[in-house]
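*Asks:* This is what each chain is made of:
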Amino acid sequence: MSEPQLQSDPPAGQQGLLPKIAIRNFSARFGQSQVLTGINLEVHACERLAIIGPASSGKTTLLRSLNRLNDLNATFAHDGEILLDGQDIYGDSMDVPTLRRRVGMVYAVPIPLPWSIYDNIAYGLRLAGIKGRSEISVRVESSLRNAVLWDEIKDRLRMPAMNLSGGQQQRLCMARVLALEPEVLVLDEPCSGLDPISTAKIEQALAELKDRYSVVLVTNNTKQAARASDRTAFFLMGELVEVGLTGQVFTAPRHERTGQYITGHFG
Amino acid sequence: MKISQDRVIGWVLLAVAFSALSSLALITTFIFKEGVPIILKQGVGNFLFSNDWYPGEGKFGILAMIVGSLFVTLGAMFIGAIFGFGCAIVLTQFCPRRLVSIIKPAIELLAGIPSVVYGSIGVVILVPFIRDYLGGPGLSVLAASIVLGIMVLPTVTSISVDALQAVPRAYREGSIALGATQWQTTWMVVLKAARSGLVAAFILGMGRAVGETMAVIMVAGNTLEIPLGLTSPVRTLTSNIALEMGYASGAHRQALFATGVVLFVIIMVLNTIALAVSHSKAAGGRR
Numbered sequence: 001m002s003e004p005q006l007q008s009d010p011p012a013g014q015q016g017l018l019p020k021i022a023i024r025n026f027s028a029r030f031g032q033s034q035v036l037t038g039i040n041l042e043v044h045a046c047e048r049l050a051i052i053g054p055a056s057s058g059k060t061t062l063l064r065s066l067n068r069l070n071d072l073n074a075t076f077a078h079d080g081e082i083l084l085d086g087q088d089i090y091g092d093s094m095d096v097p098t099l100r101r102r103v104g105m106v107y108a109v110p111i112p113l114p115w116s117i118y119d120n121i122a123y124g125l126r127l128a129g130i131k132g133r134s135e136i137s138v139r140v141e142s143s144l145r146n147a148v149l150w151d152e153i154k155d156r157l158r159m160p161a162m163n164l165s166g167g168q169q170q171r172l173c174m175a176r177v178l179a180l181e182p183e184v185l186v187l188d189e190p191c192s193g194l195d196p197i198s199t200a201k202i203e204q205a206l207a208e209l210k211d212r213y214s215v216v217l218v219t220n221n222t223k224q225a226a227r228a229s230d231r232t233a234f235f236l237m238g239e240l241v242e243v244g245l246t247g248q249v250f251t252a253p254r255h256e257r258t259g260q261y262i263t264g265h266f267g
Numbered sequence: 001m002k003i004s005q006d007r008v009i010g011w012v013l014l015a016v017a018f019s020a021l022s023s024l025a026l027i028t029t030f031i032f033k034e035g036v037p038i039i040l041k042q043g044v045g046n047f048l049f050s051n052d053w054y055p056g057e058g059k060f061g062i063l064a065m066i067v068g069s070l071f072v073t074l075g076a077m078f079i080g081a082i083f084g085f086g087c088a089i090v091l092t093q094f095c096p097r098r099l100v101s102i103i104k105p106a107i108e109l110l111a112g113i114p115s116v117v118y119g120s121i122g123v124v125i126l127v128p129f130i131r132d133y134l135g136g137p138g139l140s141v142l143a144a145s146i147v148l149g150i151m152v153l154p155t156v157t158s159i160s161v162d163a164l165q166a167v168p169r170a171y172r173e174g175s176i177a178l179g180a181t182q183w184q185t186t187w188m189v190v191l192k193a194a195r196s197g198l199v200a201a202f203i204l205g206m207g208r209a210v211g212e213t214m215a216v217i218m219v220a221g222n223t224l225e226i227p228l229g230l231t232s233p234v235r236t237l238t239s240n241i242a243l244e245m246g247y248a249s250g251a252h253r254q255a256l257f258a259t260g261v262v263l264f265v266i267i268m269v270l271n272t273i274a275l276a277v278s279h280s281k282a283a284g285g286r287r
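Top line first, the protein sequences correspond to chains W and F. The first sequence begins at 1 in our numbering and counts up one residue at a time. The second sequence begins at 1 in our numbering and counts up one residue at a time.
Don't read these hints as lab results, they were simulated from the structure. One should not assume that every hint holds.
Claimed, not checked - Covered, in the sense of this in silico footprint (three residues per stretch, anywhere, with C-beta under 8 Å from a C-beta of chain F), are these stretches of chain W:
hint	region
1	59-73
2	174-186
Stated by the list, open to error - Calculated from the model, a selection of chain F residues having no Cβ within reach of chain W, i.e. all distances over 12 Å:
hint	residue
3	I3
4	I79
5	V167
6	V265
To be verified - To give a feel for the contact side, a few chain F residues facing chain W, derived at Cβ under 8 Å:
hint	residue
7	L13
8	A15
9	V16
10	A17
11	F18
12	A20
13	P96
14	L99
15	E173
16	G174
17	S175
18	A180
19	Q184
20	G211
Just so you know, even glycine gets a beta-carbon here, dropped at the ideal spot from N, CA and C.
Just need the whole structure built from these sequences, with the hints factored in.
*Replies:* This is how it looks when you write it as structure tokens:
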């Protein structure tokens with residue numbers, strides 16, 4: 001739907017570089033139901049891309065395709081390709097656990113594993129082959145700082161993660177992804193169940209991280225997309241309607257449906 | 001009118017419910033009343049830790065049977081746990097759910113086969129095999145362990161499957177999204193989260209192995225000696241009661257009830273542990 005040359009320019013300094021993620025003519029279906037059709041979209045290095053759209057528009061499926069989490073569903077099938085740094089993530093040479101470490105995912109509902117706060121973060125590090133206790137401790141602390149959670153829980157690292165509040169759990173889930181130092185951070189409506197203060201903290205964390213990561217943020221909250229992204233893509237019924245600089249999409253959308261969705265006429 | 005009818009039905013149902021409980025109470029009092037005096041007369045230490053079982057001379061020491069039960073149960077649980085847990089892990093983690101709903105009831109069907117059938121198959125196939133290839137009389141600890149191991153499979157498997165299925169799917173996804181393989185996720189997340197249920201499955205299977213009688217009598221050999229190895233014949237606590245109760249009288253009969261008391265205590269302890277473990281999971285698991 002959107003011709004590549006119509007896509008807005010990447011942030012200054014990134015022109016001419018390979019996009020971090022390039023989604024080329026990507027379609028996905030579960031069994032008989034087509035969920036995504038012919039998506040062409042690029043995510044540049046160090047940019048925050050928001051994906052908005054009404055329910056069942058394929059946003060989550062697209063996110064879960066980026067780290068091949070859809071593979072867990074036996075009925076999932078896809079066409080087209082997704083390139084991470086130019087390499088097809090569905091290609092044979094792609095090591096899937098490594099891919100999932102490079103493309104870190106935060107879910108809508110925070111799901112801490114039933115262990116302590118510390119172990120929740122250390123788990124991923126140990127899986128990645130990091131053995132040294134001191135290095136793990138250092139990365140646990142820095143990731144909790146990056147997720148704006150450290151000050152609240154620094155004395156309680158051995159406490160069960162289940163005892164944290166919902167907002168804290170969500171930031172813990174973010175911290176355990178950040179600890180792996182991913183290249184891309186994908187978030188699936190990370191604030192849907194959270195209070196405004198927790199939401200603000202997560203947005204603050206995203207803003208502080210944008211220099212280091214590409215961020216793909218799926219959100220149902222158009223205001224959040226406007227606040228916390230550089231570019232915005234609008235999805236409808238499994239198709240990409242338009243993508244552009246966030247300011248332009250929100251003030252002068254090219255498509256009628258985008259404007260209607262943003263102003264709350266449907267969705 | 002209506003109220004009194006309800007009340008009558010209520011009383012009847014209560015009486016029915018209590019009849020089961022009262023038979024438990026009756027059995028318990030009876031075996032303790034019959035068994036405990038002779039234990040005290042022999043001396044607890046003498047009864048439990050002496051190997052002299054000569055009913056004719058009034059000597060009742062059940063050490064050989066305790067050791068026999070221990071050996072056979074451990075052997076059975078070694079086999080039952082490996083196959084039971086293995087089966088449960090494969091079914092819940094690596095099979096589509098629809099297949100599980102076919103295979104699990106099939107495994108549970110094993111529990112419906114009468115123990116005398118297991119015993120017969122053991123006598124006809126297993127015992128000659130052990131005699132020919134491993135030596136000894138064939139009737140042995142090993143034969144009893146294998147037969148019992150298969151008999152506890154349905155208990156261990158079905159309780160473990162329930163425990164593993166109770167682990168939220170989201171844990172698996174969360175772990176996989178962090179870069180874990182399926183196997184790492186199973187090992188480090190799912191088994192850990194289901195640990196208390198798996199312990200309960202193991203202990204309940206063990207209770208069944210300790211209590212099983214018929215199949216064991218048929219394949220264990222029943223000699224009154226402390227077994228020296230896997231191919232030695234043994235007599236278990238349950239076999240001892242079943243074999244001698246028919247002709248015992250007086251002190252001999254009391255000594256068999258005393259054996260029953262020991263069994264009763266062992267199984268009560270196992271069940272209490274299983275209950276405590278699965279209860280602690282219900283209280284502390286999901287917070």
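*Asks:* Identify every previously stated hint that the structure contradicts and give their numbers, smallest first.
*Replies:* 5, 7, 8, 9, 10, 11, 12, 14 and 20
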